[in-house]
Amino acid sequence: MINAADILLKSFLLFGFCQILHIILWRIKKPRIYPLWLFNVFITLPLCLFFLYCALKLALTGSTGFSLGDWLILFSIFLCHAGLSGIYAHYFPIIIIHSPSLEILKIVGSQMPQGATYQDIYNKFFRNKQVLEPRFNNLIKSGVIYEKNGMLFVSPKGKKIAKLGVLYRNIVGLPLGKG
Amino acid sequence: MQSFLSILIILFISILMIFPLHIILNRFLLLFNIRLSPHTGVLLTILAGNIITQYAIWKLVLLYLISQANFVLWYFVYSLIVYNSFAFLYFFFLTTTETSIHFHIISQIFLHDGKISRGSFREKYNDDLMMQARLERLIDLGQIKESNNKYYIKGKFFLFIANVLSIWRKFFMMK
Chain A
1 MINAADILLK SFLLFGFCQI LHIILWRIKK PRIYPLWLFN VFITLPLCLF
51 FLYCALKLAL TGSTGFSLGD WLILFSIFLC HAGLSGIYAH YFPIIIIHSP
101 SLEILKIVGS QMPQGATYQD IYNKFFRNKQ VLEPRFNNLI KSGVIYEKNG
151 MLFVSPKGKK IAKLGVLYRN IVGLPLGKG
Chain B
1 MQSFLSILII LFISILMIFP LHIILNRFLL LFNIRLSPHT GVLLTILAGN
51 IITQYAIWKL VLLYLISQAN FVLWYFVYSL IVYNSFAFLY FFFLTTTETS
101 IHFHIISQIF LHDGKISRGS FREKYNDDLM MQARLERLID LGQIKESNNK
151 YYIKGKFFLF IANVLSIWRK FFMMK
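As they're listed, the protein sequences go chains A and B.
If you count by my numbering, then the first sequence holds residues 1 to 179, one letter each, in order.
If you count by my numbering, then the second sequence holds residues 1 to 175, one letter each, in order.
One or more hints might be untrue.
What the hints assert, rightly or not - With a cut-off of at most 27 Å between alpha-carbon atoms, the simulated DSSO-like pairs for lysine-lysine come out as follows:
| # | chain 1 | residue 1 | chain 2 | residue 2 |
| --- | --- | --- | --- | --- |
| 1 | A | K29 | A | K141 |
| 2 | A | K29 | A | K57 |
| 3 | A | K29 | B | K170 |
| 4 | B | K115 | A | K159 |
Stated by the list, open to error - Beta-carbon label-pair distances, calculated as ranges:
| # | chain 1 | residue 1 | chain 2 | residue 2 | range |
| --- | --- | --- | --- | --- | --- |
| 5 | B | Q68 | A | M112 | 44 to 52 Å |
| 6 | B | F93 | A | T64 | 46 to 54 Å |
| 7 | A | L36 | B | I52 | 32 to 40 Å |
| 8 | B | A69 | A | P156 | 51 to 59 Å |
| 9 | B | N126 | A | M112 | 25 to 33 Å |
| 10 | A | E133 | B | L63 | 33 to 41 Å |
| 11 | A | T44 | B | K145 | 39 to 47 Å |
| 12 | B | L65 | A | N40 | 48 to 56 Å |
| 13 | B | R122 | A | L68 | 23 to 31 Å |
Claimed, not checked - Reference listing, derived: stretches of chain B covered by chain A, where coverage requires no fewer than 3 residues with Cβ under 8 Å from a Cβ of chain A:
| # | region |
| --- | --- |
| 14 | 51–62 |
| 15 | 76–83 |
The set of hints was computed from the structure by calculation and includes no laboratory data.
It should be emphasised that the depicted structure is a prediction, and the values quoted were computed from it without experimental measurement.
We treat Cβ as the ideally placed atom computed from N, Cα and C, and that holds for glycine.
My request is simple: use the sequences and hints to build the entire structure.
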């Protein structure tokens with residue numbers, strides 16, 4: 001019988017390995033397009049290493065040495081790793097760019113038990129903080145939006161993103177989010 | 001091997017069913033005029049999905065392996081982790097369309113293509129609006145409460161995540 005504890009252990013080890021590798025690479029050089037970078041470190045790299053190993057073994061011994069059960073185990077390990085990596089990839093922007101909601105929580109948390117007023121929160125996070133500008137610049141740099149004669153336009157790439165989001169919310173039956 | 005393959009198939013179907021389940025639940029809530037925040041709606045979907053998935057795995061696979069309790073336990077843990085990691089990926093997709101400032105900028109410019117400038121956008125979507133939306137959302141999610149014009153921590157879960165992420169930032173040498 002397949003041992004799920006073993007699969008879980010190996011999934012977490014693989015995830016941990018990618019995590020450490022990600023931190024090391026980030027410390028050496030911060031990537032420009034980090035979502036692609038994350039995908040490469042957590043998904044492409046382990047897959048490439050694994051297929052390289054298979055190709056080498058196949059060339060040397062004439063067989064990968066994996067039974068059907070082994071492939072199933074390998075797939076299960078990768079599935080769990082992919083799920084964990086997906087969650088991490090989504091949290092990563094919050095790590096590198098401050099999330100206003102989490103910052104509000106930390107400000108309120110630091111003011112307990114007396115509580116925080118609206119002004120306390122505003123002064124500590126929003127005042128003198130450029131929340132919109134870095135995001136505008138980020139989107140222009142990524143080619144999602146552009147400025148022409150002082151007006152803002154969405155590029156074809158941006159249109160696809162916006163249409164997908166609007167369509168998704170229409171299907172589910174939700175109004176457009178407040179941001 | 002067969003029992004584990006069955007679990008993987010059930011998990012695969014369950015993950016694909018998250019989106020339809022969310023649509024059904026949300027339409028049902030709209031039909032009966034029940035108002036829940038989008039986050040609460042998707043969390044309820046995930047909870048319902050968990051119950052259905054684990055019940056199916058129990059009924060179709062684990063019940064026949066009951067004599068091997070150790071295997072049953074780890075199969076259960078594995079399915080729980082895999083299902084919830086993909087379910088939370090879906091949750092994050094909804095969150096992106098709901099709270100992401102990036103997505104809000106893109107969708108608003110898309111709706112007013114070429115008719116809005118940076119300045120007018122800043123006026124329309126100002127700091128007060130951004131803060132109000134977030135305070136309302138945190139109250140809806142039970143993370144803070146308002147009393148006598150002051151805000152207090154109510155739930156500790158998101159605060160815990162915020163503190164963990166603050167520690168994590170240090171690994172990436174971010175301020």
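Results for each hint:
{"no.": "1", "hint": "A:K29 / A:K141", "verdict": "holds, 19 Å"}
{"no.": "2", "hint": "A:K29 / A:K57", "verdict": "violated, 33 Å"}
{"no.": "3", "hint": "A:K29 / B:K170", "verdict": "holds, 16 Å"}
{"no.": "4", "hint": "B:K115 / A:K159", "verdict": "holds, 15 Å"}
{"no.": "5", "hint": "B:Q68 / A:M112: 44 to 52 Å", "verdict": "holds, 48 Å"}
{"no.": "6", "hint": "B:F93 / A:T64: 46 to 54 Å", "verdict": "violated, 35 Å"}
{"no.": "7", "hint": "A:L36 / B:I52: 32 to 40 Å", "verdict": "holds, 35 Å"}
{"no.": "8", "hint": "B:A69 / A:P156: 51 to 59 Å", "verdict": "holds, 56 Å"}
{"no.": "9", "hint": "B:N126 / A:M112: 25 to 33 Å", "verdict": "holds, 28 Å"}
{"no.": "10", "hint": "A:E133 / B:L63: 33 to 41 Å", "verdict": "violated, 58 Å"}
{"no.": "11", "hint": "A:T44 / B:K145: 39 to 47 Å", "verdict": "holds, 45 Å"}
{"no.": "12", "hint": "B:L65 / A:N40: 48 to 56 Å", "verdict": "violated, 39 Å"}
{"no.": "13", "hint": "B:R122 / A:L68: 23 to 31 Å", "verdict": "violated, 59 Å"}
{"no.": "14", "hint": "51–62", "verdict": "violated (count 0)"}
{"no.": "15", "hint": "76–83", "verdict": "holds (count 4)"}
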